[in-house]
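S.K.: Between the sequences and the hints, there should be enough to build the whole structure, so can you do that?
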Amino acid sequence: MFRQILFTQWKWARLPVLAFVLAGFALPLLSAQAFSESYSRFWFAPLFLGQLQSLGAFYPLLAALIGLIMALTAWAADHRGRHVYALSLPIPRWHYTLLRFGAGAVLILLPTLALWLSALIATSLTKLPMGLHAYPTTLAVRFALATLIAFGALFAVSAGTSRAAGIVLGLLAAVVLAQLLFDLFEIKIQIIDAVLYRIYIWPGPLEIFTGHWMLFDV
Amino acid sequence: MSNAVEIRDLEYRAGKSFEIRELALNVPSGSMYGFLGPNGAGKTTTIRLMLGLLRPRAGRITVLGGEIPREAPRVLARTGYVPEQPHLYQTLTVDEALRFHAAFYRTWDWKWADELLGAFGLDRTRLLARLSKGEMGKLEMLLALAQRPELLVLDEPTDGLDPVVRRDVLTALLEYVSQQNATVFISSHLVHELERICDWVGVMDRGRLVAELPMHSFKSGIKRLRVANAPALPGDTPFVVLSREVSAADAETWIVRGWQPPMRQYFEGVGANLRDIIDLDLEEGFVELLRTFRVPQS
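Keeping their order, the protein sequence lines are chains L and Z. Note that my numbering has the first sequence beginning at 1, numbered continuously upward. Note that my numbering has the second sequence beginning at 1, numbered continuously upward.
Some hints here could point you the wrong way.
[To be verified] If you anchor each label on the Cβ, the simulated ranges turn out as follows:
hint : chain 1 : residue 1 : chain 2 : residue 2 : range
1    : L       : 135       : Z       : 58        : 36 to 44 Å
2    : L       : 76        : Z       : 126       : 15 to 23 Å
3    : L       : 168       : Z       : 14        : 21 to 29 Å
4    : L       : 1         : Z       : 181       : 27 to 35 Å
5    : L       : 106       : Z       : 219       : 54 to 62 Å
6    : L       : 109       : Z       : 95        : 23 to 31 Å
7    : Z       : 125       : L       : 109       : 25 to 33 Å
8    : Z       : 65        : L       : 76        : 31 to 39 Å
9    : L       : 1         : Z       : 237       : 31 to 39 Å
Worth flagging that the hints you see were computed from the coordinates, not collected in a lab. Note that CB positions come from ideal geometry on N, CA and C, so glycine has one too.
M.R.: Shown next, in the form of structure tokens:
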């Protein structure tokens, strides 16, 4: 059963997955190349590490993009068929959802493994100065977790009806509108800041996307 | 005789314009139950409620002894379903669609699936998106039959198919039913098709069940009568007068239900002259039934 679900999901998402594998493989190599170039130009570690941080922003972006695309492709075919096929299969709804989630989780492992492999290769080829270390496995684990969180959150949103999606979008619009009104009347309440704080600062669910994503660090 | 499907006091509402009210329905085990109704009557919604795809507001649904929606997965494992619209994943090939479907059914019969594939002339390597409407109809029926179900629920399975494909699909269905003694619940607005194959009929209109009876009773009980010197008020008739209209200067045409030959005496008793008794086919009976049902509501 799981094999068949995995097969369908692979069939729907194979092109994006292959693109993500390539991107996941390329990122650590690019980081290593940027490191070597920066190191030859800046002798002071904080300067070239600062240069590398800009490249580090691509890791969480890629993780979020993988989560988004995999979540959308997991449900797209069922949405098109108004879920009639899925609901008429002889398994409980939670079981079917779990199978689709599991298949998506297996597929997002592929770019993660590519990233890990590439990070290992990149670090083995890079000569590090004293005081700096490579973190290929830590980076790959963090990337895997971020991808899984993005996939999980977006999978849940994508699984919902258009009404549910409308409610979520409506809530977001309400927050933005409220903030605009507060600013207009010079009321010193920062709703957006408060919401972002709750989401991005520990124990917020998206905290993993923040901070520095470094393959090489002190 | 036990019932494969029992529905009691079913209530369902979709938006403001459509609702199913106090629906009660019995599908005897081993029967071929024709579910008739005009477009928008609520046939597809009733089927979806029956299979647990939708949740009712109130009422009780029992299918193959299992309560719906609580026991839907267990019931669906023994039920073949052909929906109104093709519902399969269009990006799969025929072979992939078979493998996907088979993985969910323990009773799946590969040998028979292969036989049907040959009989229907379906190409295993063809993408579902490239299948014609007829081929898709055949594939849907193949998937429903090859899982060897005890109950087949078919929602307009031959709608839009050409006569050759329709014959192929119905032949496969009848062959299966004769072998397995399965129950078939078939919804359609193609009245003549149901007339040939069904032994029970249920008629639905505007979310309510108008009639449910054995096909022979339905066909033989509805008559068109030509009556001369008909009374202005029919009074206490032994049959149900569905409609009456003036057809000539001294004659009227009555459509009646529940007709039996000894009921002729009624006309003698009221001083009328029964000139003619005409059998109505299922379609005419169906139309008259709906017309009568709608009169008091409109």
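S.K.: Taking the beta carbons of residue 125 of chain Z and residue 109 of chain L, is their distance inside 25 to 33 Å?
M.R.: holds, 30 Å
S.K.: Please check whether residue 1 of chain L and residue 181 of chain Z have a Cβ separation lying inside 27 to 35 Å.
M.R.: holds, 29 Å
S.K.: Kindly confirm whether 31 to 39 Å is satisfied by the beta carbon distance between residue 1 of chain L and residue 237 of chain Z.
M.R.: violated, 60 Å
S.K.: Is 54 to 62 Å right for how far apart the beta carbons of residue 106 of chain L and residue 219 of chain Z are?
M.R.: The hinted range 54 to 62 Å holds for residue 106 of chain L and residue 219 of chain Z, with Cβ atoms some 57 Å apart.
S.K.: Regarding residue 109 of chain L and residue 95 of chain Z, is the given constraint of 23 to 31 Å on their beta-carbon distance met?
M.R.: holds, 27 Å
S.K.: Does the hinted range 15 to 23 Å hold for residue 76 of chain L and residue 126 of chain Z at CB?
M.R.: Because 22 Å falls inside the window, the suggested range holds.
S.K.: For the hint 31 to 39 Å, verify it against the beta carbon of residue 65 of chain Z and that of residue 76 of chain L.
M.R.: holds, 36 Å
S.K.: Take a look at whether the Cβ-Cβ distance between residue 135 of chain L and residue 58 of chain Z falls inside 36 to 44 Å.
M.R.: violated, 60 Å
S.K.: Is the distance from the Cβ of residue 168 of chain L to the Cβ of residue 14 of chain Z consistent with 21 to 29 Å?
M.R.: At roughly 23 Å between Cβ atoms, residue 14 of chain Z and residue 168 of chain L fall inside 21 to 29 Å, so the hint holds.
In this structure, the earlier hints numbered 1 and 9 are contradicted, and the remaining ones agree with it.
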